[in-house]
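**Student:** Spelled out from the first residue to the last, the chains are:
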Amino acid sequence: MAIGRRRRLARNGLYVAGLSPAAFLLALFFVGPALWALASSFTNRALVGIDAANPRFVGLDNYARLFGDPDFGRVILNSVIFVIGSAIIGQFVLGLALALLLDHAQRRGFLATNLVYASVLLAWVNPTIIAGFLWVAMFDFYNGSLNTGLHQLGLGPVDWLGKGPMLAVIIANIWRGTAFTMLIFLGALRTIPSDIYEAARVDGANAFRRFWDHTLPILRPIAALTLLSVTMATFGTFILIQTLTNGGPAFQTEVIALYAFHEAFQAHAVGYGSTIAVVMLALNLSFAIVFLRWSRARA
Amino acid sequence: MDEIVRQLISRRRFLQVAVASGVVAACNPTSTGGGAPTQGASAPAGGTGGSAPASGGAVSGTITVSYPDEAGLKPKYVEQAAAAVKAQFSGADVKIDLQKIGDDDYYTKLLLALDSNDAPDVFHVGGSLIGELADASYIEPLDDYVSQWPDWSQYPDAVRSGVTYKDSVWAIPYGLDMRWLYYRKDDLQKAGLPADWQPANVQGILDAAAAVKAANEPNVLPYALYAGPAGSSGTADHAFVPLLWAYGGELQDKDGKWIGDSPATRKVMAYYQKAYDGLSPKEILTETKPWTAMREKLGNGQLALLFEGGWVYGGWASADKAATEKNVGYTLHPTESGGPSFTIGGPGTCWYISARSANKQGAWEFIKAFNTAEIVGKLNAEDPHPVARADAAKVPEFASSPYLVASTEALAKAKFTSPDPAYSKVIEAIQKATARVAAGELGPDDAAKRYTDDLTQALGADNVTSQ
Numbered sequence: 001m002a003i004g005r006r007r008r009l010a011r012n013g014l015y016v017a018g019l020s021p022a023a024f025l026l027a028l029f030f031v032g033p034a035l036w037a038l039a040s041s042f043t044n045r046a047l048v049g050i051d052a053a054n055p056r057f058v059g060l061d062n063y064a065r066l067f068g069d070p071d072f073g074r075v076i077l078n079s080v081i082f083v084i085g086s087a088i089i090g091q092f093v094l095g096l097a098l099a100l101l102l103d104h105a106q107r108r109g110f111l112a113t114n115l116v117y118a119s120v121l122l123a124w125v126n127p128t129i130i131a132g133f134l135w136v137a138m139f140d141f142y143n144g145s146l147n148t149g150l151h152q153l154g155l156g157p158v159d160w161l162g163k164g165p166m167l168a169v170i171i172a173n174i175w176r177g178t179a180f181t182m183l184i185f186l187g188a189l190r191t192i193p194s195d196i197y198e199a200a201r202v203d204g205a206n207a208f209r210r211f212w213d214h215t216l217p218i219l220r221p222i223a224a225l226t227l228l229s230v231t232m233a234t235f236g237t238f239i240l241i242q243t244l245t246n247g248g249p250a251f252q253t254e255v256i257a258l259y260a261f262h263e264a265f266q267a268h269a270v271g272y273g274s275t276i277a278v279v280m281l282a283l284n285l286s287f288a289i290v291f292l293r294w295s296r297a298r299a
Numbered sequence: 300m301d302e303i304v305r306q307l308i309s310r311r312r313f314l315q316v317a318v319a320s321g322v323v324a325a326c327n328p329t330s331t332g333g334g335a336p337t338q339g340a341s342a343p344a345g346g347t348g349g350s351a352p353a354s355g356g357a358v359s360g361t362i363t364v365s366y367p368d369e370a371g372l373k374p375k376y377v378e379q380a381a382a383a384v385k386a387q388f389s390g391a392d393v394k395i396d397l398q399k400i401g402d403d404d405y406y407t408k409l410l411l412a413l414d415s416n417d418a419p420d421v422f423h424v425g426g427s428l429i430g431e432l433a434d435a436s437y438i439e440p441l442d443d444y445v446s447q448w449p450d451w452s453q454y455p456d457a458v459r460s461g462v463t464y465k466d467s468v469w470a471i472p473y474g475l476d477m478r479w480l481y482y483r484k485d486d487l488q489k490a491g492l493p494a495d496w497q498p499a500n501v502q503g504i505l506d507a508a509a510a511v512k513a514a515n516e517p518n519v520l521p522y523a524l525y526a527g528p529a530g531s532s533g534t535a536d537h538a539f540v541p542l543l544w545a546y547g548g549e550l551q552d553k554d555g556k557w558i559g560d561s562p563a564t565r566k567v568m569a570y571y572q573k574a575y576d577g578l579s580p581k582e583i584l585t586e587t588k589p590w591t592a593m594r595e596k597l598g599n600g601q602l603a604l605l606f607e608g609g610w611v612y613g614g615w616a617s618a619d620k621a622a623t624e625k626n627v628g629y630t631l632h633p634t635e636s637g638g639p640s641f642t643i644g645g646p647g648t649c650w651y652i653s654a655r656s657a658n659k660q661g662a663w664e665f666i667k668a669f670n671t672a673e674i675v676g677k678l679n680a681e682d683p684h685p686v687a688r689a690d691a692a693k694v695p696e697f698a699s700s701p702y703l704v705a706s707t708e709a710l711a712k713a714k715f716t717s718p719d720p721a722y723s724k725v726i727e728a729i730q731k732a733t734a735r736v737a738a739g740e741l742g743p744d745d746a747a748k749r750y751t752d753d754l755t756q757a758l759g760a761d762n763v764t765s766q
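Those protein sequence lines, which keep their order, are chains Y and L.
Going by my numbering, the first residue of the first sequence is number 1, and it counts up by one from there.
Going by my numbering, the first residue of the second sequence is number 300, and it counts up by one from there.
Worth flagging that the hints you see were computed from the coordinates, not collected in a lab.
One should not assume that every hint holds.
[Unchecked claim] Computed footprint of chain Y on chain L, listed as stretches where at least three residues anywhere in the stretch have a Cβ under 8 Å from a Cβ of chain Y:
| id | segment |
| --- | --- |
| 1 | 523-531 |
| 2 | 585-598 |
| 3 | 633-647 |
| 4 | 716-728 |
| 5 | 735-741 |
| 6 | 748-760 |
[To be verified] When the alpha-carbon atoms are kept at most 27 Å apart in a straight line, the in silico BS3-like pairs for lysine-lysine are as follows:
| id | chain 1 | residue 1 | chain 2 | residue 2 |
| --- | --- | --- | --- | --- |
| 7 | Y | K163 | L | K588 |
| 8 | L | K581 | L | K556 |
| 9 | L | K553 | L | K573 |
| 10 | L | K588 | L | K553 |
| 11 | L | K596 | Y | K163 |
| 12 | L | K573 | L | K484 |
| 13 | L | K588 | L | K556 |
| 14 | L | K581 | Y | K163 |
| 15 | Y | K163 | L | K712 |
| 16 | L | K748 | L | K573 |
| 17 | L | K748 | Y | K163 |
| 18 | L | K553 | Y | K163 |
As the structure is a prediction and not an experimental result, all values here were calculated from the model.
From the three backbone atoms N, C-alpha and C, an ideal C-beta is built for every residue, glycine too.
Could you build all of it, start to finish, from the sequences and the hints given here?
**Tutor:** Structure (structure tokens):
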């Protein structure tokens with residue numbers, strides 16, 4: 001037993017050595033803060049007031065407060081709408097569609113392919129805060145491009161962020177994030193040899209059948225991972241929304257990550273903000289388990 | 300707890316009375332605010348009596364000074380004060396950290412620095428934060444310093460009590476906050492109202508706004524009433540709180556409990572509903588810093604009515620002094636019944652010393668050098684606030700402005716919010732409540748009930764009451 005273990009260790013030593021820097025960094029920057037947040041969630045730690053000087057252990061008080069918080073249901077619902085709209089329908093489906101079109105265009109050698117590719121990537125290489133301000137410049141009521149354009153046409157200004165705040169932030173996030181899924185799918189599509197499609201074409205399969213019978217099964221494992229990563233990233237995103245609506249009007253775009261930020265850094269209630277973050281982490285973990293099971297079952 | 304509450308209440312009442320006698324007297328050239336000899340406008344920085352209460356020795360080492368300024372009015376005075384400290388103490392160096400960001404963002408950054416023991420020696424934030432900063436042990440009490448500072452006698456009792464919490468002085472203000480109901484004379488005249496318009500009561504504001512709307516002037520908004528988190532503290536100080544007082548309500552009861560639902564709260568919510576029914580723009584709820592656009596619009600005539608800080612007048616006047624004096628009118632906030640009008644006051648932005656500063660004496664020398672009568676007078680003339688120290692009102696730049704004299708006199712009619720450490724949380728509940736009505740999610744009565752719930756959530760049931 002001991003010999004077997006030692007031999008296994010010797011065999012895997014190189015892998016362990018190779019992985020340990022990454023494992024150390026992950027532990028330092030992800031596991032550490034997560035554990036810190038978990039510990040904080042059981043305290044009344046604050047950035048101001050007496051609780052800042054003498055934080056106390058409060059047990060499950062923060063969790064009781066959160067689940068009794070009349071706004072929390074609304075926040076969860078907003079998050080679900082935002083994730084489904086911008087991650088699943090928007091980034092995932094649109095990213096896949098763009099990847100298929102670009103792959104097709106590249107295989108055919110269309111000239112404009114690289115231009116389209118670059119323009120999608122441009123949205124992604126911008127820092128989120130810049131992307132946010134670009135959309136503020138678009139949607140802003142008084143000086144935004146959309147209303148300036150409408151004014152040129154003799155039409156009245158529209159309160160884009162007030163009338164359809166969730167749609168506005170979903171559109172902005174789709175624009176920003178689609179490139180990521182597109183890149184992943186494009187990479188996967190490149191691995192599919194052209195002769196598979198040629199053989200299918202010889203067999204008389206139309207475009208839809210070629211996609212359904214050949215492309216989709218090959219993409220499935222990567223699709224599950226992509227879906228997982230965009231869902232989790234979208235669930236945790238808040239900078240774009242903060243820049244555009246800051247959760248408003250009246251909580252209509254307050255998503256869970258933004259709520260955690262507002263409680264921790266605007267209300268200065270770090271303990272309560274950590275509690276929201278811990279619940280967010282638990283929800284993300286459950287997504288991860290579901291997606292990974294799904295991908296393993298189908299792969 | 301009861302004792303603290305008693306202190307707060309008596310302190311606030313004291314403040315109101317004292318302001319009437321103290322600061323107004325400051326504007327009267329025949330009267331001085333204090334009995335002690337003044338150091339005069341050109342007193343050297345540091346003074347003679349400002350010896351260190353702790354060390355008593357010369358100041359040396361680096362003093363880190365951090366402050367936010369988006370408007371760009373303060374840097375030259377901060378640098379002047381830093382130069383004065385360096386000239387007086389050859390071993391001292393002053394490192395200035397100017398943050399060109401908004402006050403809210405600066406405060407968050409500062410709190411994180413304070414929390415991680417990485418704070419500057421001196422910093423510059425609102426005086427209303429004294430309670431929550433002192434309770435967190437972030438700031439140094441200044442009693443020993445001011446007791447040896449001759450210039451402290453120039454600070455009227457009202458101003459001193461505005462920066463006093465739990466019997467200690469915690470910060471040094473340079474200019475006080477007060478607010479006006481601003482109106483555009485040109486816009487109101489086009490709507491058939493007189494140029495010297497005065498609202499008969501609170502409803503009078505909405506009536507004037509409705510008249511402006513009916514006049515249908517292109518690109519003129521009738522009224523801006525801050526609401527929601529986007530309005531930041533303006534939602535409380537420039538909208539909800541004065542309205543609550545106008546309707547005879549109070550933020551806290553006699554026992555210091557925060558009042559949620561009450562007849563006055565419901566009236567304020569009903570006022571919000573009427574204002575957001577086509578008079579005040581809904582974009583206030585989603586704009587980033589909506590006050591930027593609203594102040595600009597009032598300044599150029601695209602907004603007719605706005606209750607705002609006295610300091611915003613400076614921006615309009617520096618852009619076009621003649622047009623501002625001709626077109627921008629200002630008046631006190633009316634009450635429901637047309638009773639005595641009032642304004643809302645505050646200690647303004649203050650200098651604090653970090654409790655963990657390694658160079659507290661140096662920090663204090665900087666604060667003294669900044670708060671000379673000369674700098675206080677000149678800065679408040681540019682960034683219009685009533686002066687915190689009485690002798691600064693005699694600085695010619697300040698004394699020659701009718702607007703500043705009127706603002707200083709208005710302080711006699713000012714009510715003050717409490718420096719209670721819970722006030723930030725109350726502001727959050729106010730933001731939620733006003734947003735719900737403004738966005739049309741809840742009616743006035745339901746929003747007032749939810750206000751109680753939100754207060755209870757944030758402060759605990761023991762600290763909240765309904766009437």
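**Student:** Now look at each hint and say whether the structure bears it out.
**Tutor:** Status of each hint after checking the structure:
1. By the rule of at least three residues with a Cβ nearer than 8 Å to a Cβ of chain Y, the coverage given for the segment 523-531 of chain L holds, with 3 such residues.
2. Against chain Y, the segment 585-598 of chain L contributes 4 residues with a C-beta closer than 8 Å to a partner C-beta. That satisfies the three-residue criterion, and the hint holds.
3. Restraint check on the segment 633-647 of chain L versus chain Y: 0 residues with Cβ-Cβ distances below 8 Å, three needed, restraint violated.
4. Note: the segment 716-728 of chain L has 5 residues with beta-carbon separation from chain Y under 8 Å; the three-residue rule is met and the coverage holds.
5. Against chain Y, the segment 735-741 of chain L contributes 4 residues with a C-beta closer than 8 Å to a partner C-beta. That satisfies the three-residue criterion, and the hint holds.
6. Look at the segment 748-760 of chain L against chain Y: 4 of its residues bring a Cβ nearer than 8 Å to a Cβ of that chain, three or more, so the hint holds.
7. With a CA separation close to 19 Å, the supplied pair Y:K163 and L:K588 stays within the 27 Å bound.
8. For the suggested pair L:K581 and L:K556, the alpha carbons sit about 32 Å apart, so the restraint of at most 27 Å is broken.
9. Pair hint L:K553 plus L:K573 does not hold up; C-alpha atoms about 31 Å apart against a cutoff of 27 Å.
10. A distance of roughly 35 Å separates the Cα atoms of L:K588 and L:K553; the hinted pair therefore is violated under the 27 Å criterion.
11. Only pairs whose Cα atoms come within 27 Å are accepted, and L:K596 paired with Y:K163 is accepted, the gap being roughly 22 Å.
12. Annotation: proposed proximity of L:K573 to L:K484 holds, straight-line Cα distance about 23 Å (limit 27 Å).
13. Restraint check for L:K588 and L:K556: not satisfied, since their Cα atoms lie roughly 31 Å apart, outside the 27 Å limit.
14. Proposed proximity of L:K581 and Y:K163 is supported: the alpha carbons are some 9 Å apart, at most 27 Å.
15. About 40 Å separates the Cα atoms of Y:K163 and L:K712, which puts this hinted pair outside 27 Å; it is violated.
16. Between L:K748 and L:K573 the CA atoms are separated by roughly 18 Å; this keeps the pair inside 27 Å, and the hint holds.
17. Simply put, L:K748 and Y:K163 have alpha-carbon atoms about 26 Å apart, close enough for the 27 Å limit, and the pair holds.
18. For the hint linking L:K553 to Y:K163, the alpha-carbon distance of about 42 Å lies beyond 27 Å, and the restraint is violated.
Going down the numbered hints, you'll see the structure goes against 3, 8, 9, 10, 13, 15, 18, while the others check out.
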